[in-house]
Amino acid sequence: MKLLELRGLVASVDEKQILNGIDLTVNAGEVHAIMGPNGSGKSTLSNVLAGRDGYSVTTGDMELMGAPVNGMSVEDRALSGLFLGFQHPIEIPGVTNMEFLKVAIDSHRISVGEEEMNTRDFMVQVREISKRLELSTEFLKRFVNVGFSGGEKKRNEILQLMLLQPKLAFLDETDSGLDVDALQVVARGINEFRSDDNGVVLVTHYQRLLNYVNVDFVHIMVNGAIVKSGDAQLAHEVETQGYAGLGEA
Amino acid sequence: MSEQSPSAAHDFIGKEYAAGFVTDIEQETIPPGLDEAVITEISKRKNEPAWLLDWRLDAYRRWLDMPEPTWARVDYEPIDYQAISYFAAPSGDKPKSLDEVDPELLRTYEKLGIPLHEQELLAGVERDPDAPRVAVDAVFDSVSVATTFQEELREHGVIFCSFSEAVENHPELVRAYLGSVVPQSDNYFAALNSAVFSDGSFVYVPKGVRCPMELSTYFRINAQNTGQFERTLIIADEGSYVSYLEGCTAPMRDENQLHAAVVELVALEDASIKYSTVQNWYPGDADGNGGIYNFVTKRGVCRGANSHISWTQVETGSAITWKYPSVILRGDNSVGEFYSVAITNNHQQADTGSKMTHIGRNTSSTIISKGISAGNSSNAYRGRVRMNPGAKKARNFTQCDSLLIGSDCAAHTFPTIESQRDDAIVEHEATTSKVSEDQLFLCRQRGIDAEKAVAMIVNGFCKEVLRELPMEFAVEASKLLEVSLEGAVG
Numbered sequence: 016m017k018l019l020e021l022r023g024l025v026a027s028v029d030e031k032q033i034l035n036g037i038d039l040t041v042n043a044g045e046v047h048a049i050m051g052p053n054g055s056g057k058s059t060l061s062n063v064l065a066g067r068d069g070y071s072v073t074t075g076d077m078e079l080m081g082a083p084v085n086g087m088s089v090e091d092r093a094l095s096g097l098f099l100g101f102q103h104p105i106e107i108p109g110v111t112n113m114e115f116l117k118v119a120i121d122s123h124r125i126s127v128g129e130e131e132m133n134t135r136d137f138m139v140q141v142r143e144i145s146k147r148l149e150l151s152t153e154f155l156k157r158f159v160n161v162g163f164s165g166g167e168k169k170r171n172e173i174l175q176l177m178l179l180q181p182k183l184a185f186l187d188e189t190d191s192g193l194d195v196d197a198l199q200v201v202a203r204g205i206n207e208f209r210s211d212d213n214g215v216v217l218v219t220h221y222q223r224l225l226n227y228v229n230v231d232f233v234h235i236m237v238n239g240a241i242v243k244s245g246d247a248q249l250a251h252e253v254e255t256q257g258y259a260g261l262g263e264a
Numbered sequence: 002m003s004e005q006s007p008s009a010a011h012d013f014i015g016k017e018y019a020a021g022f023v024t025d026i027e028q029e030t031i032p033p034g035l036d037e038a039v040i041t042e043i044s045k046r047k048n049e050p051a052w053l054l055d056w057r058l059d060a061y062r063r064w065l066d067m068p069e070p071t072w073a074r075v076d077y078e079p080i081d082y083q084a085i086s087y088f089a090a091p092s093g094d095k096p097k098s099l100d101e102v103d104p105e106l107l108r109t110y111e112k113l114g115i116p117l118h119e120q121e122l123l124a125g126v127e128r129d130p131d132a133p134r135v136a137v138d139a140v141f142d143s144v145s146v147a148t149t150f151q152e153e154l155r156e157h158g159v160i161f162c163s164f165s166e167a168v169e170n171h172p173e174l175v176r177a178y179l180g181s182v183v184p185q186s187d188n189y190f191a192a193l194n195s196a197v198f199s200d201g202s203f204v205y206v207p208k209g210v211r212c213p214m215e216l217s218t219y220f221r222i223n224a225q226n227t228g229q230f231e232r233t234l235i236i237a238d239e240g241s242y243v244s245y246l247e248g249c250t251a252p253m254r255d256e257n258q259l260h261a262a263v264v265e266l267v268a269l270e271d272a273s274i275k276y277s278t279v280q281n282w283y284p285g286d287a288d289g290n291g292g293i294y295n296f297v298t299k300r301g302v303c304r305g306a307n308s309h310i311s312w313t314q315v316e317t318g319s320a321i322t323w324k325y326p327s328v329i330l331r332g333d334n335s336v337g338e339f340y341s342v343a344i345t346n347n348h349q350q351a352d353t354g355s356k357m358t359h360i361g362r363n364t365s366s367t368i369i370s371k372g373i374s375a376g377n378s379s380n381a382y383r384g385r386v387r388m389n390p391g392a393k394k395a396r397n398f399t400q401c402d403s404l405l406i407g408s409d410c411a412a413h414t415f416p417t418i419e420s421q422r423d424d425a426i427v428e429h430e431a432t433t434s435k436v437s438e439d440q441l442f443l444c445r446q447r448g449i450d451a452e453k454a455v456a457m458i459v460n461g462f463c464k465e466v467l468r469e470l471p472m473e474f475a476v477e478a479s480k481l482l483e484v485s486l487e488g489a490v491g
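Residue numbers (my numbering), protein chains in the order written: chain A, 16 to 264; chain B, 2 to 491.
Chain A on its own, in the form it takes in the complex (with noise of 0.2 Å):
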């Protein structure tokens, strides 16, 4: 099953292109790679997927889970099945984690007609999860990402991923400010996940993550656009020849 495509996107924010043309397809069972160096359009990628508000598509097309996306709120694609792991997990004073985390599988469970998640079955779960990604209980009663270590905050996100079985997950970054320790934590949840049901994306900027976590695909990304696509080996040439040689093939 197709869980992604794009067909020669191009888009914008406030007005200014950053993205020109980008073909890719991600089908079910796969895990693809998308490196690049700072200010490749990587970011902004992700961002348009979500369908984020300032990000706008020029021309192409995009369809998630077999269906286009035109039109869809940042809510409903999250509902069909698209999981943004974020660059820089922003912190919500006031609500616990375990409140977010049974609100957004709610929502989840809501969007196709079944009832709320007893409470019971959902803590005994998220606790489950937590263990595995080396996550105390303390963990879940402190506010969303307020006062979390860098390795906490992506730890976090590998949590909701785990939870809420999106069928499609887009990393932004999940690698960047990990020490070996937490890099190894959170690759172990990512290969926890994925399954030929679903398709992972890791966005990054080195290689080292794909260390831990074996891709089907990698992807160079320059200015806006996809320069060049193979197999794992490939990192392995970026990791030696760095971006530059590569942006020229």
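These are computed hints drawn from the structure, not numbers from a lab. Careful, some of the hints might be misleading.
Unchecked claim - Think about it this way: if two alpha-carbon atoms lie no more than 25 Å apart in a straight line, the pair counts; the simulated SDA-like pairs of lysine to any residue are:
id: 1; chain 1: A; residue 1: K117; chain 2: B; residue 2: V476
id: 2; chain 1: B; residue 1: K453; chain 2: A; residue 2: Q180
id: 3; chain 1: B; residue 1: K453; chain 2: A; residue 2: Q102
id: 4; chain 1: B; residue 1: K480; chain 2: A; residue 2: D121
id: 5; chain 1: B; residue 1: K435; chain 2: A; residue 2: M113
id: 6; chain 1: B; residue 1: K435; chain 2: A; residue 2: Y70
id: 7; chain 1: A; residue 1: K156; chain 2: B; residue 2: S437
id: 8; chain 1: A; residue 1: K156; chain 2: B; residue 2: K435
id: 9; chain 1: A; residue 1: K182; chain 2: A; residue 2: P83
id: 10; chain 1: B; residue 1: K435; chain 2: B; residue 2: A287
id: 11; chain 1: B; residue 1: K45; chain 2: B; residue 2: E173
id: 12; chain 1: A; residue 1: K168; chain 2: A; residue 2: E207
id: 13; chain 1: B; residue 1: K453; chain 2: A; residue 2: D68
id: 14; chain 1: B; residue 1: K112; chain 2: B; residue 2: V23
id: 15; chain 1: B; residue 1: K464; chain 2: B; residue 2: E483
id: 16; chain 1: A; residue 1: K117; chain 2: B; residue 2: R468
id: 17; chain 1: B; residue 1: K464; chain 2: A; residue 2: N133
id: 18; chain 1: A; residue 1: K156; chain 2: B; residue 2: D439
id: 19; chain 1: B; residue 1: K453; chain 2: A; residue 2: M138
id: 20; chain 1: A; residue 1: K182; chain 2: A; residue 2: R147
id: 21; chain 1: B; residue 1: K464; chain 2: A; residue 2: D121
id: 22; chain 1: A; residue 1: K17; chain 2: A; residue 2: E207
For chain A, the structure is supplied; the task is to place chain B on it using the hints.
Using the frame of chain A, we list chain B on its own:
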């Protein structure tokens, strides 16, 4: 704040003020206008003793000499006090029991979710015998139409009745305490209330009694061109405890209606009064037409040592809110608290806060105020903490937080501290924050729609106050916050 897509914004429209219906019932009103004859007529209809009529007329004469206050940060057209009707009541004699209450009135309260049938309440939710029970005094325009659980309360010595009944049956208590906390000439609206007040609730909890259930009054304005001027008096005798709740709603009308109430609380030695309000008067429409002017004076006095008065308010309604529930801490070691959530949307205006006056030794007070502004609204906190010369080692902690939703609203804080003690500890903290586009984006990307996200963030912001409310009220208040913010994002 970013733009919403038109479809998302459209989804938010269509829900409206649920309590905005009108009850079609025959009413007796005194024609609009205010003079000594009208006041005499109100007093006569209520069969009041001469001393009370004199008290009213005294208040009226003082009111005539008082200027309407202009210091609050609210803006409204001058009120024509001669265009208001000061008395409206369902026709006929006051029903003697619930069975005699007009079914149309019972249906009104049913629609509002206020149980007036004791049996239904006794049955409780899922027939749980431990379910909390609430005695209700239902005030409809100018009169109380029913008060539940009176007999059971009487067995404990608790008096809970309409103000009119109290004047008739317990004149010595009313006379001793009426105006003892809020004098007739305290302020312009209190003076007006003292002259024309019609009904309200009266509570007396005797020495050493812990009131066995929550007491509540539900105020409903129904009649057109009418003001509501109720008076509530709660006396907690030595060592007693009472928790009292009040709720209020009104129909949607294009004109502004005046609600000028006075609430007086008296806590004697070791007594404790917890007073909670969920105020949901009609706020006016999205363009600022209509709505209630809520100009209210609420004050409690901790008369005895170790007494305790706690105000909790959730203010979601009214076109204009002007109220400062206050505590005079006279008894040594007495405690005053004020917990407030004031939310304004569209063109609502709120100027609210608290006054804590420390007179006794070791008195302490806490003020937690949460102001939320959305739309084109304006929300001000105004407070005064005073430490008098005798208030040895008095303490106050004040926290004022403002949350802005959108960029066309305003929040202001006007705290005043007057301390005549070197050993007083006065702490003041204030924050202003904004529901950011980034926060909403995170929530929406997790499938939570914008309205729900705002409600969740606002609930989190108010948590410290909401948890002070009795459980069943807290749930209602949370829902009300959500409804009040409809259309706030978009």
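Structure-based check of each hint:
1. K117(A) to V476(B): The given pair, whose Cα atoms are some 17 Å apart, holds under the 25 Å limit.
2. K453(B) to Q180(A): holds, 21 Å
3. K453(B) to Q102(A): Holds, at roughly 24 Å.
4. K480(B) to D121(A): At roughly 17 Å apart (the allowed maximum being 25 Å), D121(A) and K480(B) satisfy the hint.
5. K435(B) to M113(A): holds, 22 Å
6. K435(B) to Y70(A): holds, 22 Å
7. K156(A) to S437(B): holds, 22 Å
8. K156(A) to K435(B): holds, 23 Å
9. K182(A) to P83(A): Between K182(A) and P83(A) the Cα gap is close to 16 Å, so the pair holds against 25 Å.
10. K435(B) to A287(B): Holds. K435(B) to A287(B) sits at ~22 Å (cutoff 25 Å).
11. K45(B) to E173(B): holds, 19 Å
12. K168(A) to E207(A): With Cα atoms ~19 Å apart, K168(A) and E207(A) stay inside 25 Å; holds.
13. K453(B) to D68(A): holds, 18 Å
14. K112(B) to V23(B): With a Cα-Cα distance of about 11 Å, the restraint between K112(B) and V23(B) holds, given a limit of 25 Å.
15. K464(B) to E483(B): holds, 14 Å
16. K117(A) to R468(B): Holds. K117(A) to R468(B) sits at ~20 Å (cutoff 25 Å).
17. K464(B) to N133(A): holds, 23 Å
18. K156(A) to D439(B): holds, 22 Å
19. K453(B) to M138(A): holds, 21 Å
20. K182(A) to R147(A): holds, 21 Å
21. K464(B) to D121(A): Within the cut-off at roughly 21 Å; holds.
22. K17(A) to E207(A): It holds: about 21 Å lies between the C-alpha atoms, which stays within 25 Å.
Every hint from the earlier list agrees with this structure, and none is contradicted.
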